[in-house]
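Heads up: the sequence lines are chains A and B, in that order.
In terms of this note's numbering, the first sequence opens at residue 67 and continues consecutively.
In terms of this note's numbering, the second sequence opens at residue 15 and continues consecutively.
Don't read these hints as lab results, they were simulated from the structure.
Among these hints, one or two may not hold up.
[Unchecked claim] Under 7 Å between C-beta atoms, here's a sample of chain A residues computed to sit facing chain B: (1) P78; (2) E80; (3) Y122; (4) G123; (5) K236; (6) N309; (7) Q311; (8) V314; (9) H316; (10) G318; (11) G323; (12) K329.
What you are looking at is a predicted structure, and each value in this text was computed from that prediction instead of being measured.
Even for Gly, the Cβ is constructed at its ideal location relative to N, Cα and C.
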Amino acid sequence: MNALHVPAPHVPMEAEIVRRTQESPSVFSLGLRLCDPAQHAAYRFEPGQFNMLYLYGVGEIPISIVSDPEDGDELGHTIRVVGRVTRGFAALKPGDRIGLRGPFGRGWPLLETRGQDLVLVTGGLGCAPLVSVINYVAQRRGEFGRVALLQGVRHMDDMIWRERYARWAKLPDVQVLLAADVAGTGWSWHVGLVTELVDQLAFDVRDARVMVCGPEPMMLASVRKLSASGVADEHIWMSLERNMQCAVGHCGHCQFGAQFLCKDGPVFNYPQIRARLGVKGY
Amino acid sequence: MTTHGYLAREYFGRLLEALRNSGYRCVGPQVLDGAIQYRDLPNAQALPSGWRDSQAPGRYRLEHSNNPRQFAWANGPQALKPFLFAPRETLWCVERDARGALSFRAVLPEAQALAVIGVRACDLAALHLQDAHFLQGQFQDAQYAARRDGLFLVAVNCTHPAATCFCVSTGDGPDVPEANGGCDLVLDEVDDGFIVRSASERGASLIAQLGLAPVTLAQQTVVADQRQQAREAQTRMLPSRDLRPLLDTRLEHPRWADVAARCLSCGNCTSVCPTCFCHSDHESPAIDGSDSTHYREWDSCFTQGHSYIHGITLRADTRLRYRQWLTHKLGAWHDQYGRSGCVGCGRCISWCPVGIDITEEVAALAADTP
Numbered sequence: 067m068n069a070l071h072v073p074a075p076h077v078p079m080e081a082e083i084v085r086r087t088q089e090s091p092s093v094f095s096l097g098l099r100l101c102d103p104a105q106h107a108a109y110r111f112e113p114g115q116f117n118m119l120y121l122y123g124v125g126e127i128p129i130s131i132v133s134d135p136e137d138g139d140e141l142g143h144t145i146r147v148v149g150r151v152t153r154g155f156a157a158l159k160p161g162d163r164i165g166l167r168g169p170f171g172r173g174w175p176l177l178e179t180r181g182q183d184l185v186l187v188t189g190g191l192g193c194a195p196l197v198s199v200i201n202y203v204a205q206r207r208g209e210f211g212r213v214a215l216l217q218g219v220r221h222m223d224d225m226i227w228r229e230r231y232a233r234w235a236k237l238p239d240v241q242v243l244l245a246a247d248v249a250g251t252g253w254s255w256h257v258g259l260v261t262e263l264v265d266q267l268a269f270d271v272r273d274a275r276v277m278v279c280g281p282e283p284m285m286l287a288s289v290r291k292l293s294a295s296g297v298a299d300e301h302i303w304m305s306l307e308r309n310m311q312c313a314v315g316h317c318g319h320c321q322f323g324a325q326f327l328c329k330d331g332p333v334f335n336y337p338q339i340r341a342r343l344g345v346k347g348y
Numbered sequence: 015m016t017t018h019g020y021l022a023r024e025y026f027g028r029l030l031e032a033l034r035n036s037g038y039r040c041v042g043p044q045v046l047d048g049a050i051q052y053r054d055l056p057n058a059q060a061l062p063s064g065w066r067d068s069q070a071p072g073r074y075r076l077e078h079s080n081n082p083r084q085f086a087w088a089n090g091p092q093a094l095k096p097f098l099f100a101p102r103e104t105l106w107c108v109e110r111d112a113r114g115a116l117s118f119r120a121v122l123p124e125a126q127a128l129a130v131i132g133v134r135a136c137d138l139a140a141l142h143l144q145d146a147h148f149l150q151g152q153f154q155d156a157q158y159a160a161r162r163d164g165l166f167l168v169a170v171n172c173t174h175p176a177a178t179c180f181c182v183s184t185g186d187g188p189d190v191p192e193a194n195g196g197c198d199l200v201l202d203e204v205d206d207g208f209i210v211r212s213a214s215e216r217g218a219s220l221i222a223q224l225g226l227a228p229v230t231l232a233q234q235t236v237v238a239d240q241r242q243q244a245r246e247a248q249t250r251m252l253p254s255r256d257l258r259p260l261l262d263t264r265l266e267h268p269r270w271a272d273v274a275a276r277c278l279s280c281g282n283c284t285s286v287c288p289t290c291f292c293h294s295d296h297e298s299p300a301i302d303g304s305d306s307t308h309y310r311e312w313d314s315c316f317t318q319g320h321s322y323i324h325g326i327t328l329r330a331d332t333r334l335r336y337r338q339w340l341t342h343k344l345g346a347w348h349d350q351y352g353r354s355g356c357v358g359c360g361r362c363i364s365w366c367p368v369g370i371d372i373t374e375e376v377a378a379l380a381a382d383t384p
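Can you make the complete structure from the sequences, with help from the hints?
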């Protein structure tokens with residue numbers, strides 16, 4: 067998919083926090099609305115694209131958009147507290163104002179995969195960039211084949227959106243499989259790695275289209291497992307993360323080999339990044 | 015309309031005058047702090063008459079002689095880069111009112127007509143690469159574009175390459191190409207003056223104001239000979255213009271650790287490199303909290319922060335940083351912009367505090383298969 071028109075590539079637009087949800091002790095979501103009604107009405111994005119969110123006086127961070135593209139009310143962003151900017155964002159409340167530039171990058175291949183079976187493999191907060199895909203498919207259930215959602219976390223307490231997964235599992239021909247490396251009472255799902263869930267798939271993955279998002283070792287392990295199960299490299303897409311500052315392909319930080327993640331990605335077809343993926347230092 | 019002619023050295027001021035009359039601010043090479051640097055040029059006498067540069071790995075010195083020539087040197091630490099891609103500049107400002115509402119305002123440099131005298135072929139090639147990066151992709155950089163529009167370039171063909179130069183092997187010099195040089199005027203310096211050639215329509219109309227004399231056959235011979243000598247003077251080289259196949263098979267070569275043991279990871283090479291484009295974004299909030307300024311500053315892939323991502327530094331050691339720099343400069347640039355990111359100016363060799371020589375490192379990587 068080609069990147070859509072970006073209304074404010076270089077200078078942020080003012081946005082208001084209209085909703086704040088604590089998802090887990092370290093993960094929260096912000097629903098945003100552009101303060102200029104015309105800007106908000108004109109804003110369009112594709113699942114997998116991201117915004118640069120600006121915290122006043124501190125700086126910007128890239129955050130993928132988790133809401134449905136058809137949801138005109140608010141733009142959803144799910145954030146884990148890891149540093150200075152995210153800590154600042156965590157302290158904000160509805161009514162507070164921030165800056166927003168975007169959307170940037172190329173999203174998930176929703177046109178190319180129409181009519182196909184889908185396997186979405188996510189690890190940790192990697193589920194966030196794929197949530198908008200899940201919503202997209204759920205809204206257009208007839209346009210895709212069978213769907214499997216495989217989500218893994220390190221500790222069962224990191225598992226956010228359990229109700230959403232329960233709701234998605236009730237959709238026709240949707241299989242939900244969850245895994246936690248460390249689990250205790252109250253965890254009825256798989257204990258172990260997300261890659262091990264591939265063996266529990268209700269359909270043959272060989273002709274499926276696969277989208278993967280999570281930590282790179284997890285994505286590499288997933289690709290190995292899926293390749294061994296007969297999935298062609300060309301049928302695998304993944305979303306990468308690197309340092310991003312300008313978001314317009316100029317500042318150089320997000321380069322991965324010859325790719326600029328911010329404009330050529332963050333979602334790539336696996337053969338595009340195969341040569342450098344897993345090589346330490348790239 | 016005159017497009018070619020001879021300008022005696024004592025009339026060089028006419029060129030500056032014609033440029034100023036056309037509204038240009040003139041900058042040109044001058045001796046400053048022991049190096050050739052581009053600064054505002056008050057008159058032709060300020061040019062570095064008789065100065066030569068002596069360059070070697072980790073070494074840059076100026077030497078003076080009675081040679082009347084004003085461009086008998088290779089280069090200084092600057093290329094055109096700082097004139098277009100500023101080392102530090104504000105991108106936008108934001109104000110916050112008492113209710114917490116934010117208003118953002120883009121900040122653009124004032125467009126200015128700038129003439130640069132004494133541009134080298136390698137630096138023109140680098141300029142075209144920076145143009146490709148900042149202007150010809152999906153997004154245009156407004157700051158760069160504002161400065162680029164008003165640029166008038168007076169190239170002077172290089173007659174005295176430094177020992178560190180290798181532009182012949184990269185195909186970027188020492189002469190500006192006869193066609194599509196990407197500048198406005200091209201000068202060849204001879205002992206008593208300059209052969210001036212226009213390389214653009216603007217250049218042609220400017221030349222018409224200079225009262226040039228016809229070029230003699232003897233002058234043409236001198237120019238051809240010194241161009242040939244400048245090419246033959248270069249001893250350093252890269253083994254190929256496209257090193258992707260070589261580098262792709264050398265990612266785990268022991269030479270990366272070898273060079274990392276010498277490299278200080280200081281980033282001097284990336285600062286003097288005329289094509290390096292990395293920069294980082296920063297925030298400068300006002301002390302009373304009422305507004306904040308968002309600016310950018312040159313960055314380097316040799317810094318700790320360059321590869322930082324939520325708690326992890328992907329290139330924590332110098333081996334990975336040097337490899338990132340070299341495999342990008344000589345490899346990934348081909349995929350990004352259709353050619354190598356190196357124009358053979360040799361600055362990274364001279365200005366490296368420990369004298370690391372990119373051509374020597376490539377030769378060592380190429381010498382044997384790991």
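Legend entry - Satisfaction of the A/Q311 interface hint, Cβ to chain B closer than 7 Å: 4 Å, holds
Legend entry - Status of the A/H316 interface restraint (C-beta, 7 Å, chain B): Holds. Min distance 6 Å.
Legend entry - Interface hint outcome for A/P78 [beta carbon to chain B under 7 Å]: Since chain B brings a Cβ to about 5 Å from A/P78, closer than 7 Å, the hint holds.
Inset, instruction - Answer holds if the nearest beta-carbon of chain B is closer than 7 Å to that of A/Y122; otherwise answer violated. - result: 6 Å, holds
Legend entry - When the least beta-carbon distance from A/V314 to chain B is tested against 7 Å, hint result: 4 Å, holds
Legend entry - Restraint check, 7 Å cut-off on beta carbons, for A/E80 near chain B: 5 Å, holds
Inset, instruction - Tell me if A/G123 is really an interface residue toward chain B, meaning its C-beta lies closer than 7 Å to one of theirs. - result: 4 Å, holds
Inset, instruction - Tell me if A/G323 is really an interface residue toward chain B, meaning its C-beta lies closer than 7 Å to one of theirs. - result: 6 Å, holds
Legend entry - When the least beta-carbon distance from A/G318 to chain B is tested against 7 Å, hint result: Check passed: Cβ of A/G318 comes within 3 Å of chain B, closer than 7 Å.
Legend entry - Supplied contact hint for A/N309, tested at 7 Å Cβ to chain B: 5 Å, holds
Inset, instruction - Would you check whether A/K236 satisfies its interface hint, that is, whether its CB is within less than 7 Å of any CB in chain B? - result: 34 Å, violated
Legend entry - chain B contact restraint on A/K329 - CB to CB distance below 7 Å: Holds, because the Cβ-Cβ distance from A/K329 to chain B comes to roughly 6 Å (cut-off 7 Å).
Checked against the numbered hints above, the structure breaks only hint 5 and satisfies the rest.
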